[in-house]
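Protein chains: 2
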Amino acid sequence: MVYTRANGSRWSYSENVIRKKETGMSRNRKFYLEDIPLDEAWRRLIMAMESSGSWVAFPGEELPLDEALGRVTAAPVWAALSSPGYHASAMDGYAVRSADTIGATETSPKRLRIGPEGPASYVDTGDPIPSWADAVIQIEHTQHIEEEVGGELIEIQAGVAPWTAIRPMGEDMVATELVLPANYRLKPVDLGALAGCGHATVSVRRRPRVAVIPTGTELVTVEQAAQAGLKTGDIIEYNSLVLASQIREWGGLPTRYPIVADDYERIRETVREAAVTHDLVLVNAGSSAGSEDFTSSIVEELGTLLVHGVAIRPGHPVVLGTVTERHTPIIGVPGYPVSCALTGEIFVEPLISHWLGLTPREKPKVKATISRKLLSPMGEDEWVRVTVGRVGERTVAAPLSRGAGVITSLVRADGIVRIPRFSEGVDAGQDVTVELYRDPSEIDRTIVHIGSHDLCLDILSQYLADSGRRFSSSNAGSLGGLMALRRGDAHLAGSHLLDPATGEYNISYIKQYLPNLPVVLMTFMQREQGLIVAPGNPKGIKGLADLARDDVRYVNRQRGAGTRVLLDYHLEKLGIEPGNVKGYQREEYTHLAVAVAVQSGAVDCGLGIAAAAHALRLDFIPFEKERYDLVIPRIHYDSDLLQPLFDLIQGPNLRRVVDELPGYDTTHMGDIVIEL
Amino acid sequence: MVYTRANGSRWSYSENVIRKKETGMSRNRKFYLEDIPLDEAWRRLIMAMESSGSWVAFPGEELPLDEALGRVTAAPVWAALSSPGYHASAMDGYAVRSADTIGATETSPKRLRIGPEGPASYVDTGDPIPSWADAVIQIEHTQHIEEEVGGELIEIQAGVAPWTAIRPMGEDMVATELVLPANYRLKPVDLGALAGCGHATVSVRRRPRVAVIPTGTELVTVEQAAQAGLKTGDIIEYNSLVLASQIREWGGLPTRYPIVADDYERIRETVREAAVTHDLVLVNAGSSAGSEDFTSSIVEELGTLLVHGVAIRPGHPVVLGTVTERHTPIIGVPGYPVSCALTGEIFVEPLISHWLGLTPREKPKVKATISRKLLSPMGEDEWVRVTVGRVGERTVAAPLSRGAGVITSLVRADGIVRIPRFSEGVDAGQDVTVELYRDPSEIDRTIVHIGSHDLCLDILSQYLADSGRRFSSSNAGSLGGLMALRRGDAHLAGSHLLDPATGEYNISYIKQYLPNLPVVLMTFMQREQGLIVAPGNPKGIKGLADLARDDVRYVNRQRGAGTRVLLDYHLEKLGIEPGNVKGYQREEYTHLAVAVAVQSGAVDCGLGIAAAAHALRLDFIPFEKERYDLVIPRIHYDSDLLQPLFDLIQGPNLRRVVDELPGYDTTHMGDIVIEL
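Chains as they are written, first to last, in the working numbering: chain R, 4 to 679; chain Y, 4 to 679.
Some clues are possibly wrong.
It does not matter which identical chain is used: a pair holds within one copy or between any two.
[To be verified] Here are the computed lysine-lysine pairs in the DSBU-like style, where the Cα-Cα straight-line distance is at most 30 Å:
hint, residue 1, residue 2
1, Lys-514, Lys-190
2, Lys-376, Lys-366
3, Lys-190, Lys-368
4, Lys-368, Lys-628
5, Lys-585, Lys-545
6, Lys-628, Lys-542
7, Lys-545, Lys-113
8, Lys-585, Lys-113
9, Lys-366, Lys-190
10, Lys-234, Lys-190
11, Lys-576, Lys-545
12, Lys-366, Lys-585
13, Lys-585, Lys-628
14, Lys-542, Lys-514
15, Lys-376, Lys-113
16, Lys-234, Lys-545
17, Lys-545, Lys-376
18, Lys-113, Lys-234
19, Lys-542, Lys-576
Please keep in mind that the hints were generated in silico from the structure rather than gathered at the bench.
Just chain R, with the same shape it has in the complex (with noise of 0.2 Å):
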């Protein structure tokens, strides 16, 4: 069926939808999950897999020294030989008795003669020490003389005690000792170690094999979306890369299976040979009790269906049962990619850790505060994604994106901060512990922004990285910045707040919401807001005035943003009611997300920057230049941590590359409007 845009441009379901329409949507259609806790699930499958014995480490499998880097070991390592081997000199010398050297001083040195018996003889470092010799004086202590008579001899000035500059036979390992534990995670010294002890190989745990299936008539690999572009309905499959990468990264053997249409037999005859040949199988998409989630009934008839549905958000659909063949663990996972992407940390790294032999890996953990209110439905443990920076004696983490499709949540994310199931969420400013992502030693290094978002922020952010800064921006609009500066949430805030009254920018703003709070308010730089249309503008909009007409369909920027406050201003001015603008209630958080509500049809315009009409080949009607500055409290203005980002304001590299996108004017980049 073709159907036609509101905009006039058409489009049509891809083969693939209308296909998935024609097999039929009733197909054993579950409506409710169930919400298992996730201790409970777990305990679920570590039931049923011990009383099928699959619940044990893995055996060893013998392997030459250079190839188990990173394995972790099956058995205990006893030392083959000793280490050294034999009592071997510390240095470049000569090997002495040391009751020859008593009573040598610079005033009456003492001489020895060179020769295999002694008194004297030339060792190398690491040279095995004369059986007759207890000690070795360096060379650097001797002196070389050559007698007619007498031959080679050595003139020492000093005695030296027993043992000395001797390294003992066993002083790093001695033989029978124990050298390395069982279930212990090779690293380079360990291999040395084992090799300096005599083992030429190891046993190592072997890998546990994970077959990874997609299931999705709609999904398309990125090879043929790179190619040929994506239809209308079609999904890029990448949740088994994002699986397998994991995987790998764990310990473990990915097979990533190709894409399975929705087709029940299909599936299910996939699974059952990826049961045989692998220790687990993971299902991906079709999970959810929708109409071509097969998985559960899948898991039912080749197996035991343990969990249907587990108390926890992005992830609720998962399914956990077994294989009855050869006992093999299945996971039905979300569709949606950051519910994969967790359902692996939840499930899939402790099954892999537990298979060899290791205890789950354990994020590094840092107390902070959250920076907004977060409500979280009773009943589920929710992992919320977060940034988390150090502000002033205070570490905050700021949310993320909720949505369980925003991969770039988890690209983005420091850590994660998981509110329980018996919480109704968290206040701002309330302490929570997140689980960190990154090394905490990152978080002191990260600049934390939190305000009006512009695309040179992320510009600022890759010149920042060369310097050793991480730059964290949290979008919450101009007064959202304001009002986190003044609970203390961030480091600095873009700001682009009109006064109507004096035409001035962010000063009366600063005024009001950040009385008692010195700041320094610094331009960043002028942009280009202006009216962003579809090309070729069908609608013949000129100006604002034209939202007041019936068939024109406006889309706004959220409360506290600068766009708004200027849209407002300009409304009030040419006398429009807002109730009279179409689509004013419906709110966008960024340029980029007003310029794609365009691009799609839904709807005519929207105020925004040049730069995203740009970006995504719209028309724009020039409206406004306005300043965008930064709001910086004084005291991380003059911290250190703030430095390398003024550098780069004040210096030509950024300027150079902001000055060549459409819409900005550096003229005043980094210039201090005024000190407050």
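Given the coordinates of chain R, work out where chain Y should sit on it, guided by the hints.
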């Protein structure tokens, strides 16, 4: 030349050693190295590399995503496609016009006909929204109805707001926005994001190719040693394995060359070839100014010698230079295993990281107090390996062996304490900073033992790992253990100090040295002490009385060791003066070291435990059964941290394993002797 040992056995230099002697000892020998501070050494190297243009990040190569895990981006990546690429349904349900649903309630529901043009059209999660729709009602909130006349309808009992249950186009990524910056190491979710915005490949920095060339005529491979055994004078070559493994971990591509004998021309030609085909050349061993130390001369001949000798310890004799032909940097890596591995960390890792566009890896740092006084020569930065544990409120670092040849000091190390070159050392109890090799969370689950070592502690350690505890043991002798408890440096101390007056173990010492510390004294086991002698007991030693013989050489334990206390007690009973015991001054620190000394023929006997004699197949003259106890401060006895340890001591498994070892008696394992 064949030598006869004092004990009558014969050994000879391996032909390797003989060959070394024949190639001559005085080629170009420099006696003294420079002592360049580390930052100056780096400055010289960076300047030389900058002037030849090799101090830049490596260029990118385009790789498919599934080959790019862990690689570093060479350029920023912008989204090629939006994700979602269309307005998508977030649920299984019906796409509707929100306006059509206004006014629906429980008491006055609304009915909407199902059809492709609305007012209701079925959509699966992820399906595109029809152009006429602006919301989705999830299927669980609808009632499916069939009318004879009307066809299929849904009945709803509540209205929906616009954009409910819709994932807007670009919710995750918008085409053209920056998704990942350059110089960013790719994690699994990052690969997913790249695929999701339309990239099938990514440009990642090419990996540095590093040549690792081991040199030394005395070196043999571990395969040769494992197969044919080690001849005295042979040294197992494993530094190249450690370096190559480090290089792989840090993101480089190592080439391990076969061992090159001490032949100037051959080493030079190997270096020359390696410098053409690699980005960095590491020449191992032969960087001290000894007789076979060719590296600095080769660097001078093929290029520029920048540094020969850095003010670091271990690792002093490092060579830094460049080979002219392709300006390839070359490092002469010292031969001692610890020096070699630390040279890798100090010089090779930052080079590789720089070429990959990354900042050098930083270890997590933690503040601790040092458990022992450390003297450190001025003039060199010293890298002291330490174990770390949390004892009560304090984080305690205990130094490991300082020997540059003791690779196990790096295997066991929890971290490094750096003692700067302007410092002469640190006092016991002083604050130090530890750069950790492990995750800080591992410190919290480490049980710290300082005291008399017994191999049963190794067994305990293995079992504790299965209970999620790390067990760190420093060997300080029995009295050293009590002193450590007094300072609060350990959770428990192993002790077997005999009180001659009472014949009782440990109690009087506890009362004397720990009068104010409530402790629990628990028996671990009993073990045989006796005289360890060579197989066949060639000197016919019958008991301690024989120690007074002129022809019997003894090896003692260190002051404060329970074994030494036992010896002194019995010598006094026998009326033998310590001065009349040959070798009374020679001290070893463990039972195994005593056994090794006997095995090597350097001494005739030493007091020790049966297990140590048995381990090295030596004869044993039993003497006395002694009790080995654990002294545990009450506060740690009651802690969660130590519970698994006591569970193991009270349980059957540890007991059974220890019973099988020679000379051990577990009858009283776990008995509480007294609480003081």
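Task: Numbers of unmet hints, in rising order - done: Checked against the structure, the hints that fail are numbers 1, 4, 7, 12, 14, 15, 16, 17 and 18, while the rest are satisfied.
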